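K.L.:
Each protein sequence line maps, in turn, to chains Y and P.
Using the working numbering, the first residue of the first sequence is number 1, and each one after it goes up by one.
Using the working numbering, the first residue of the second sequence is number 302, and each one after it goes up by one.
Source of the hints: derived by calculation from the structure; they are not laboratory data.
All values derive from a computational prediction rather than experimental measurement.
Quick reminder that beta carbons are idealized off the backbone N, C-alpha and C, glycines included.
Be aware that one or more of the hints could be misleading.
[Said to hold, decoys possible] Derived coverage of chain P by chain Y (criterion: at least 3 residues anywhere in the stretch with Cβ under 8 Å from a Cβ of chain Y; other residues may be distant):
#1 314-327
#2 454-467
#3 490-500
#4 594-602
#5 611-620
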Amino acid sequence: MSKARLALAKALPKRAEMPAEGGRAGRALRALARGALAHKGLTIGFVVILLILLAGFFAPLPHDPIQPNPESTLQSPDGEFWFGTDRFGFDVFSRVFASARLDLPIALAGTLLSIAVGIPLGLAASNKSRWSERIMRGLDMFQSFPLLVLAFAIVALTGNTLRNIIFAIALVNVPRFIRLVRSEALVLRESRFIEAATAIGASRTRVMLRHVMPNTMGIVLAQASLAAAHAIIVIAGLSFLGIGITPPDASWGVMIRVGSQNIATGQWWVSFFPGAMVFVTIVAFNMVADGVTRVIGRAED
Amino acid sequence: MRYRTGAIAKRLLFIPVAVFIVITLAFGLVNLTPGDPALVIAGDLAADEQVAEIRAELGTDKPVPQRYAAYVRELFTERSLGTSFFTKRPIWDEITQRFPDTLELVVLGLLGAVLYGSLLGTLSSYFRRRWPDTLSRTSVTITQSIPDFFMGLLLIYVIFYIIGWAPAPVGRIGLLDRPPDRVTGAVILDTLIARDWGLLKTAFHHAMLPVVTLALFYSSHFAKTTRAVLSRALNSDQVEFARACGLSELRVVGYAFREARTPVVTYIGILFAALFGGAAIVETVFAWGGLGQWAIDAMLKLDVPAIQGFILVVGLLTLLVYLLLDLIVVALDPRVSYE
Chain Y
1 MSKARLALAK ALPKRAEMPA EGGRAGRALR ALARGALAHK GLTIGFVVIL LILLAGFFAP
61 LPHDPIQPNP ESTLQSPDGE FWFGTDRFGF DVFSRVFASA RLDLPIALAG TLLSIAVGIP
121 LGLAASNKSR WSERIMRGLD MFQSFPLLVL AFAIVALTGN TLRNIIFAIA LVNVPRFIRL
181 VRSEALVLRE SRFIEAATAI GASRTRVMLR HVMPNTMGIV LAQASLAAAH AIIVIAGLSF
241 LGIGITPPDA SWGVMIRVGS QNIATGQWWV SFFPGAMVFV TIVAFNMVAD GVTRVIGRAE
301 D
Chain P
302 MRYRTGAIAK RLLFIPVAVF IVITLAFGLV NLTPGDPALV IAGDLAADEQ VAEIRAELGT
362 DKPVPQRYAA YVRELFTERS LGTSFFTKRP IWDEITQRFP DTLELVVLGL LGAVLYGSLL
422 GTLSSYFRRR WPDTLSRTSV TITQSIPDFF MGLLLIYVIF YIIGWAPAPV GRIGLLDRPP
482 DRVTGAVILD TLIARDWGLL KTAFHHAMLP VVTLALFYSS HFAKTTRAVL SRALNSDQVE
542 FARACGLSEL RVVGYAFREA RTPVVTYIGI LFAALFGGAA IVETVFAWGG LGQWAIDAML
602 KLDVPAIQGF ILVVGLLTLL VYLLLDLIVV ALDPRVSYE
């Protein structure tokens, strides 16, 4: 073998650790999907979220979730009202499932928005330029604010429209994506295949978009799942405080808020079932995040 | 040592810039966000004159640069955060009156979180992959997946309603108790100063559930870090050597724990800063009457000057805490230095 070919062979990564080249994030994601099926936790978490989402939109509910039954208020769970009713006579069971129509799409939309903003900023911050310094300093300042409270204040001041809630969630989650993408890109740019791409004359932008970015997708997906779990907590918190979604719209936070006035007198079911649903959703998102981390081989243990 | 003091001086010099940015952010939050607070306060049925009146009172009828100048001037020359739109009291008084309550809750809650979390993490790493590890990790997974306000409600139901160990979740002391003479403003501390032991017991009793709520929810951070750091430390050469010297296991773990000191302190700092506002929901659940609960009330009523003042004060507090944190970490860990 000639010297040049030997050097080239060394430069190319081994087959097993071949990164997703060719720039299509789809290929990386397809590989991920194959691995995902082999991972039990990931599959369970994903199916649970899907079921909650589908049930919210398509399941036949026993009662109208936004139509109270004034003659049966604060009833404990029985054959007619499986999860009982609240003090207005709303059916807790129907509302717990109907809440998924609002809470989950908002959480996912907020997360998607923060990814959409976070990836370009993170990539830009990974370049050794004046901009990267500026973005990181700005981020430091921004993060030294209590973001959760800032999100509450923003929704309160701008009005509790869906758009504003989604925006607030994106705001809370965007710093983690900027940091994650930046630190990933900083490691990736030292790889041989990036060097190779640069050597054959690919432009900086092309290297970033078609070689670096696709390879951050796995870890971004894991982080996205954690961010979605956090978003569920933020939405529930907002609605619990009366700033976010307001009755009669069904939302887990709203339901917990309504039930909180009865829990000290023993009517546990009004708050308990929506709270349990929040818990299940968050655990499911965490399982997905955990699973993705393992499938892409980044788990610490 | 010399270059380190230089780095610290540089950091201190950055503070005025940071303060300025915080002020601008607090101003911008209210004045540059889309939407008109006056419209929301007035409601849908208000006449145009009423809206204009509210705008004039909030000062939002003037152009933004002029408002900003007035805001900064008032802040520095009169040391005033403005007055509440609804109570007409100075914001500064409202904040200082409630601050000690929040501080007490945050300190106790974090203390609980650190103790419980470190204990879980230590058990976890010492009995790695055995049942205490599984147990502690399961418990961490559960407590971090229950939103803190829901955890509070669950505790109220189980410990107040069913078992009856905790008092009703309203306020710092019983409704009929006479509050202690105000010295520091922190109820527990004031009862200590007044040597009113009966009231101290009541105050602790009332603090129990909110403190446990915060401790459980935030313990996961400490449990995870301690586990990660200790697992590494317990496999290190120095620990093996300590064992070879015949030191007791307790002492060996104690040595290993020193490794976890820096990350634990860092988390304490970050959470401490975050909780001034972050404890708001728990304060609301337990009618604690602190800064957070007041801020949430202000947000619900759209008391614009109050929201602005709260964001500013919490932002400045966070800056201060982060600065102290940096100094403490440098003092604790000689490996950390600033270039």
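K.L.:
Tell me whether the statement that chain Y covers the stretch 314-327 of chain P is true, taking a Cβ distance below 8 Å and needing three residues at minimum.
P.N.:
Result for this restraint: holds, n = 4.
K.L.:
Holds or violated: the stretch 454-467 of chain P covered by chain Y, criterion of 3 or more residues with Cβ-Cβ distance under 8 Å?
P.N.:
With 6 residues in contact (Cβ-Cβ under 8 Å with chain Y), the coverage given for the stretch 454-467 of chain P holds.
K.L.:
Between the stretch 490-500 of chain P and chain Y, see if three or more residues pass the 8 Å beta-carbon test, and mark the coverage as holds or violated.
P.N.:
violated (count 0)
K.L.:
Please verify the coverage claim for the stretch 594-602 of chain P: does it have three or more residues whose C-beta sits within 8 Å of some C-beta in chain Y?
P.N.:
Per the Cβ count (4), the hint holds.
K.L.:
Can you confirm whether chain Y covers the stretch 611-620 of chain P, using C-beta to C-beta distances below 8 Å and requiring at least three such residues?
P.N.:
With 6 residues closer than 8 Å to chain Y, the stretch 611-620 of chain P meets the three-residue bar; holds.
Hint 3 from the list above is the single one not met by this structure.
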